Structures are given as structure tokens and as C-alpha cells.
Amino acid sequence: MQAVRRQAAASAKLAARRWGSTEINMCTAINHAMRDALKRNDKTVLYGEDVGFGGVFRCSVGLRDQFGKDRVFNTPVNEQGLIAFGVGLCVAGYDVIAEIQFADYIFPAFDQIVNEVAKYRYRTSSTWNCGGMVIRAPCSAVGHGSMYHSQSVEAFFSHCPGLTIVIPRGPYQAKGLLTAAVKERNPVLFFEPKILYRNSVGEVPDEEYSLPIGQADVVRSGTDITFIGWGTQVAKMLTAADELAGKDISIEVIDLQTIVPWDVETVTASVKKTGRCVITHEAPVTSGFGAELSASIQERCFLHLEAPISRVCGQDTHFPLAFEEFYLPSVPRLVEAGEKVMHF
Amino acid sequence: MKGRREVLRTLAFGGRRFKAQTAAFCGIRESEFVCTPEFRRDCGGFPVLRQLNPDGTLESNVDMPFSAEEALKIYGCMVRSREYDMVMNDAQRQGRITFYCTNLGEEAASTASCAAMQPQDMIWPQYRELGMYLYRGLTAQQIVDCCSGNEDDHAQGRALPVHYILPDANVQVTKAVLGTHVAQAPGAGYAYRLNGEDRVSVAYFGDGAASEGDALSALNYAAVLKCQTLFICRNNGYSISTPVSDQYAGDGIAGRGLAFGMATIRVDGNDVVAVYNATRAARLHSVTEKEPVLLELMTYRVGDHTTSDDSSVYRPKGEIEGRCADGEMPIERFRSFLVSKGLWDAEKDKALAAEARGEIVTAMRAGEKKKKPHPQHMFTDMYDELPWHLREQRDNMLEHIEKNRSKYNVANYRDL
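Which chain is which? The protein sequence lines are A and B, in order. Heads up, my numbering is the position in the first sequence plus 358, with the first residue counted as 1. Heads up, my numbering is the position in the second sequence plus 426, with the first residue counted as 1.
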């Protein structure tokens, strides 16, 4: 496993060195990953509501012109049909990138995802499967989204066996992880924090590369507390870590990247080293994925813990437009949690 | 949808004459303007295609559409469906299997439609299409192994009885969730169109499943995206205890095909010849015109919903007998026809029924003795490769079983 990780990271760096890289935002990075996927395999299609003209977030701009309307197309406004259609395409040997316009609207497709996509391989003893499917959806807070344009829904699906869930923190991760997700032979839910589409900019290799699914990324090394999060929270954890460094508290920041199956080796090695852990996500705290991580980490690292595992998450309310800054797991809340855990 | 066009017409209305104009809005058929509100309810009804009469005679304009050999193959599958149903239903009542679902009365609907397809057509079943499965090659032993959940079951005992699959004969697995597959078939039909294949995808479903959102999604997707897909609805009058009068208010399921812009036909589902011809024509249309077709097969569910149901509680007294009388039932009707053509007789019929019964009884005896698969197969086929958390759970489980053998039925499992 370690060898696989080193190789994947090395190949990404090699791609950048050999063929150059460009500073792009996360939306463009996703566009490039999809373009590469459509180029790589003639039997790959990309579809969803408004995908044809470029998508409401512009992630699919130019792709219909390049690959044709049979392979990049609009669907009727119907999420359950959208995912079911992808199942049929997978059975017929196609790879599918199915876009749900907002993660908040994925719920009509919940039955298809849980009862069909996730179970297709198991109930046919691998004769058929939905491994060719990637379901993409913009997720998480955007600053003005309110209840139905801000949700983080990973916890609902993490409870369903057979799914893989990936959430990138920036353009470099988005392109590499989405490329890996398309190549992966298991169905993947790829949630894209929409605020990062334009706000997150970075150097991205021009050529195709993959980042490994199931591997977390230690974004910042530290010795006192392990902070674990994903997506938009990673930048907040880094900001909080800077502030805590000023108070002589050294934070190790981990981007989980793959929610399920999560990287137990990286996480437990870190917590055993630091002895303290704060988990953070935008989704509401009750039964959020932080609860699963917390339970699992304390099972595996109990004797190494110097303090209870802390969670800094969204409130158990619906996402309120007016109170967004208090709803979200903010940098001040992360700093406060870090101090509390350090001085337990 | 056409471009703008002005047409002047005069209309007579109550003695007064009006000029009317037509213009095209987006997304509707050509329409006139009217100046009196008029609410419409239906498209004028669907005729029911019937070509083989209950007395076993063909309509005068119809020839037998298949060879004698094919006719007997179809009939053989229908009789086997009935005989296997009777034995397996009894087996459940005796506690030898946990659950069963009969197909009584609907043998023509599934067998004859399947016979009209090509072997490469990908079928998504619901759960009341045993005739179709038999036509595609499902054996008595496979039926029993599946219903017993033993180690020879393709799904390794993970699913309920009657959840058959034929990977090498293009039949997807039966599953319990209702109607979800109807919206999947169009995805494959779309792929077949892109590939330029002489191939359709097929979804069978009942009148109850037709109410599910997935079924309605399916019709819209298939029509809009021009999928080579056949939707075959077995309207058998009941969804468990719910009669169709509690299921829908429209003109059956066929009326929905028109609403979604699809070629649609209603057929006497107990008529082997009509079902065969309609399906063959539908398939040709779908592949040639590259669009879906909806077939509503009118039939009747003779048996209970499943062995968990007792329909005498909700079915009017005498209804079954009434519906089964006078050659309405598919096996009897087709037999009359075959006999009239000199292709069959009472002695052959008796022998076939006995042979079918023998096959399933023999299979049952063998199947019940087989073991269940090793429980490590609880964890396989979840992902392409076993992830760490499932490996860990599997190892913990096996260790636990080893320490607690007397508390589990370990003898029932292979190599445990």
C-alpha cells in the first residue's frame, strides 16, 4: 500500500515536471479530468441537468463541442432517472459520469444509489456491477446557499456498504482524484465543495495523472493535535493551525480525501503520535462522519489518547442563510477546540 | 415542433363564424387557438390486439407466426412454468423453502414476448416472468438452488428465492425493490443506439410497479434520449391486494406512453400469437426508428401475490373462476390451437406435465441437500477488491465462529 502511494504521488510530480503545469481553479481542473476521461475511452459519457451547455457551475464547458451531443448531454430534471440511466449504461459496458446539479438534490436518487448502484455487484456475484459510475455533485457551503444549496451529504451515503466517497480540497486533488474515480472499478460519489470551484486555485499538471483513492493526505505535520477534515474545512484547519502555532500548539492537519473506505493507517499513526484529535466537517454533528471516525479512532488509539476526541461540526439545524457564520465550523471554533483539547 | 406558421381557418360555433390562427409554442404538438375552454380527459382509448381467440382459432388475417418447433418450445416453457410453480409453491407450504412467487395465468405474457426477441436483447425482469427465464434457458436445478439459497446459487444465497439471473443469456437479476429496473433499461437502450447495434433492452413490470416514480422517469428518459428499449407491462389486475381501481385513474398503463411521446400498443396478454407478433413488431420499430415502445399486456394474476399472501381475503368470490373460464387462460387457449393444428394431443400434454413435474421434484431433492456457501462470501463482491475494513470484519467474524461453533449452524455451510 505504501509503495502504491509513493508511486502515485511520484507520477503526479513527474507529470508536472515533464509536461509542465498551469495555475487553474478547481472547476477547470474538474473540466480537464472529465475531458481526459472522455478522450481516454470512447465508451465514456457525461450527462446531467444542464450539462450540455457547460453546466450551472461551468464544469463541463466545451465538452459537448469536443465530444458530441451523444456523449455529453442533458437529461430531464429527474435525479432518480438520471442515476438509473447510468446503471443501464454501466451494464452495457459504458463508463458514466453522472452529474447531480446540487448535492441537496441527490435524495430522489437515494433509492437507486443505495438499493441498486451499491448492490449491483453483490447481488450478481460480480457478473455485472456499477463500477464504471462516478456520481458528481457540488456540495457544501457557498456563503449564500441556505438550506438547499449548501448541504454536505457524505454521511448519508457513508452508511451504505459498497460505495466509495471522495471529496477534494483543491484543483490538484480534484483532477487527480476524479481521474482515479473514473478509472476505479467501484461506484464513486465525488462531492465537490462548490465554493472551491473558483476560490481554490493552484498549480495542476497539464497531463493526466491519478491520486490514490483511499489515501489521506497529511497536509501539515505537527506534534500536539491531529486535525482531521476534508473539502473546504482543510483550508480552515490550516488557518487555525497557524493561529494555534502562535500559542505554541503544533497541529498536524490531515485531509481525509476519501471518506469511505478511509485511510485508517495514516489517521491512526497520526493520532498515536499526537495523542489528541479534533475532527471537523460542515455536515451536522449528529451522525456525521466525524462520529464514525471518532468511534473508530478511540477503539484503535485509546491508550494513546490524552484527551477525548473532539468534533467541530455544523449545528444540528438546517442550513440557515442568516446565521451561516455561526452554523459552520469556523476557524475561531477550531482554535477554541484546539486549546481545549490541549489543556484537557 | 415546427416553426411559426399562420393558418386562417373559419370555424362554425353555435351559428357564429370565427377566424382562428395556429401558432407553435415550444414543446407542444401543432395546436389551434380556441376561444371556449375545453378540458380533455383521454385520447380516445386503446384497442386490444387479439389474434388467437379463446376457442383456439386464429383471426382470419393472421397466420401462425412461428414454426411448429418454436410453437412447441413456447408451449413447453409455459407448461413448465405452471408445473414448477405448483411444486415450488407446495415446497414453501411444507417449509422446504422460505418463500415463492407464482406466475400462474401469465405464462403467455412473458414466454411469448421473450420468444419474439433476439438472444442478444438485454432483459430486466420484475419477478413474475418465469416463462421468460425458462425460454432463455433457466433450468429446474437453477430454480431450486436459488430458492434454497445453496452454494450453487449464482448469488451464493445472498438474495431471496426467485431472484434468478442468467448472465450468459442476457437476463438481469430479479430483485425485490419495485420498479427501479424500469429506469435502468433505457441506459442500455441508449448505449445500443450509440453502438448502432441490432439490440434492444427490455424492462418487464406490473401495473403496480408502473406507479413507481422510476417507471414514469423511465418512459420520459427513453423517449427523450431515444433509447432502443421495450417497456412490457403485465397488467394483471392486482398489486398484492390492491386492485387496479386503487392503483390508477387513467387509461391503464398504455395511456402514459402517449403522454411521454412513445409508440404504444395494448395487447391481450393471454394470447400467445398477439403477444408474439406485437413484441416482434415493437422490437423492429425500436431498432429501426431508434426509439422506445411501450406494450401493455392485459392479463390476470391467478395465484396469490407470493406465499406471504392469501388473496382469498381480498378477491371477490368467483372472480378467479370467472376469469379462467372459456379459454381465456393462456395455456388452455394455446393448447386448443396446437391441437387444432395437429401439433399436440391430450396424451402428449399429460406426458409433458409429468415430465416437468419430475424435473422440478428431482431438482428439489438434490437442491435441499446442498450446503450453503462458506460465510466468507458475505464479504466478497462488495468491491472489486476486499477493502481493509471488510477484511478486518471478515477475520473477526471467522475467529468468533471458530470460538463459538456450537452456537451456530456450522454444519449447514461448506467447509465451515
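If you're looking for bench data, these hints aren't it; they were derived computationally from the structure. A couple of the hints might just be wrong.
To be verified - Which bits of chain A does chain B cover? Going by a derived footprint, with three or more residues having C-beta under 8 Å, they are:
1. 437-444
2. 472-485
3. 589-595
Claimed, not checked - In silico lysine-lysine, DSSO-like type, Cα no more than 27 Å apart, as pairs:
4. A:K397 - B:K716
5. B:K716 - A:K401
6. A:K397 - B:K652
7. A:K427 - B:K716
8. A:K401 - B:K798
9. A:K427 - B:K798
All values reported here derive from a predicted model rather than from experimental measurement. Think of the CB as a built atom: it goes at the ideal place given N, C-alpha and C, for glycine as much as any other residue.
A quick look at each hint next to the structure:
no. : hint            : verdict
1   : 437-444         : holds (count 5)
2   : 472-485         : holds (count 10)
3   : 589-595         : violated (count 0)
4   : A:K397 - B:K716 : 26 Å, holds
5   : B:K716 - A:K401 : 19 Å, holds
6   : A:K397 - B:K652 : 24 Å, holds
7   : A:K427 - B:K716 : 16 Å, holds
8   : A:K401 - B:K798 : 39 Å, violated
9   : A:K427 - B:K798 : 49 Å, violated
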